[in-house]
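Going left to right, the sequence shown walks through residues -18 to -1, 1 to 278 as mature numbering (1 follows the signal peptide of the UniProt record, and there is no 0) numbers them.
Possibly wrong hints are sitting among the right ones.
What the hints assert, rightly or not - Under the rule of at most 25 Å between Cα atoms (straight-line distance), these lysine to any residue pairs were calculated in the SDA-like manner: (1) 219 x 240; (2) 118 x 84; (3) 19 x 55; (4) 265 x 120; (5) 30 x 52; (6) 73 x 246; (7) 73 x 132; (8) 19 x 31; (9) 232 x 213; (10) 265 x 252; (11) 158 x 67; (12) 128 x 164; (13) 219 x 136; (14) 41 x 62; (15) 128 x 219; (16) 73 x 149; (17) 118 x 246.
No lab work stands behind these hints: they were computed from the structure.
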Amino acid sequence: MKKLYLFVTCFAMSFSFAQNSKEKQNVSLTFGKEAKKAVVYFGCENFKENSELQTCMNKNLNQDIQTQISFFSNIADYLHIETAQSKLGFKINEDGNFDDVSTDGSNPIFNSVALSSLVLLNNKMERANLKITPAKGVDGKAVAMKYTMPLRYESAEKNNDFETFPSENRVLFTLKTDEETIEVRIDKEFNLTTFGNNGSREYYLGKFSNLFEMASIDPYATAFDSAFKSGAIDITKGKIDDKEYKLQIKNFFENDPSVQVLITVVREENGTWAEYYEYKTKKEFNQSKFASLTYR
């Protein structure tokens, strides 16, 4: 059982929010211009006073972000992420859209999920034709408002065996293009690096702060899109006991907490790939002979 704690503060003031009985977190929100009328978040249209609008927005946005980000527990379980935190920054611009989205956190995977929450929320708004009314300045014109949203994840179960792995890096997944095979690797600090292989040699490609950054440029963008549509993405392949196996992740990009991330072992038989075994937990997979194929 995993727990996801999301702490969202969206008030136009310095504000203390209790995380538990012993800790508090102070968050200051800054704005580019003085606002006379607060943002009207969808579902808050019946409120008139700024304090009511701010309270309503805080409640509704908190719930919406929790809904959009709750699938992270599946990814965290797969990657053995027990705790993670990030600070999500964004503006609600003059058109009532989320803008200038950024993250500030040490875990690139959690940063990716934090960024994705607003992308998914934007998609929800477009599908349902939901609108955010921007804030109004003293002259009655729309103004952009800047917000800071601290998010924290904590697993209810502490059982991280990543530290015992006989390797500093492991393969997260493998992307393919017409020219090369690209390995996305993750180290014990959850840093993301990419390495290319053109069939004759391996070479370093780059380091990324989150998956969104990686997926925004080619060749990664095209490869990610293909993996997203297929529902499965290759981890790596290799030989064990003189037999060729391929490892795949299913549902890694599925934004649904009820859908489990699975690790599938596929074996080559007579020139074709056939499903050999499916692991429902990363712990189960790590205890198998196939885990060594991911070590780098």
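Status of each hint after checking the structure:
For the hint linking residue 219 to residue 240, the alpha-carbon distance of about 28 Å lies beyond 25 Å, and the restraint is violated. With a C-alpha separation of about 24 Å, the suggested pairing of residue 118 with residue 84 holds against the 25 Å cut-off. With a C-alpha separation of about 37 Å, the suggested pairing of residue 19 with residue 55 is violated against the 25 Å cut-off. Distance restraint check for residue 265 and residue 120: the Cα-Cα separation of roughly 57 Å exceeds the 25 Å cut-off, and the hinted pair is therefore not satisfied.
A C-alpha spacing of about 31 Å is found between residue 30 and residue 52, which places the hinted pair above 25 Å, so the restraint is violated. Proposed proximity of residue 73 and residue 246 is contradicted: the alpha carbons are some 41 Å apart, above 25 Å. The straight-line distance between the Cα atoms of residue 73 and residue 132 is roughly 15 Å, inside the 25 Å bound, and the hint therefore holds. Of the pairs offered as hints, the one joining residue 19 and residue 31 holds, with about 8 Å between alpha carbons and a cut-off of 25 Å not exceeded.
The suggested pairing of residue 232 with residue 213 holds, with an alpha-carbon distance near 6 Å, which does not exceed 25 Å. Under the criterion of a C-alpha separation no larger than 25 Å, the hint pairing residue 265 with residue 252 is inconsistent with the structure, at around 31 Å. With a CA separation close to 31 Å, the supplied pair residue 158 and residue 67 exceeds the 25 Å bound. This hinted pair does not check out: residue 128 and residue 164 have alpha carbons roughly 37 Å apart, beyond 25 Å.
The straight-line distance between the Cα atoms of residue 219 and residue 136 is roughly 32 Å, outside the 25 Å bound, and the hint therefore fails. With a C-alpha separation of about 30 Å, the suggested pairing of residue 41 with residue 62 is violated against the 25 Å cut-off. Between residue 128 and residue 219 the CA atoms are separated by roughly 46 Å; this puts the pair beyond 25 Å, and the hint is violated. Between residue 73 and residue 149, the direct Cα distance comes to roughly 41 Å. Violation of the 25 Å bound is thereby established for this hinted pair.
Pair hint residue 118 plus residue 246 does not hold up; C-alpha atoms about 53 Å apart against a cutoff of 25 Å.
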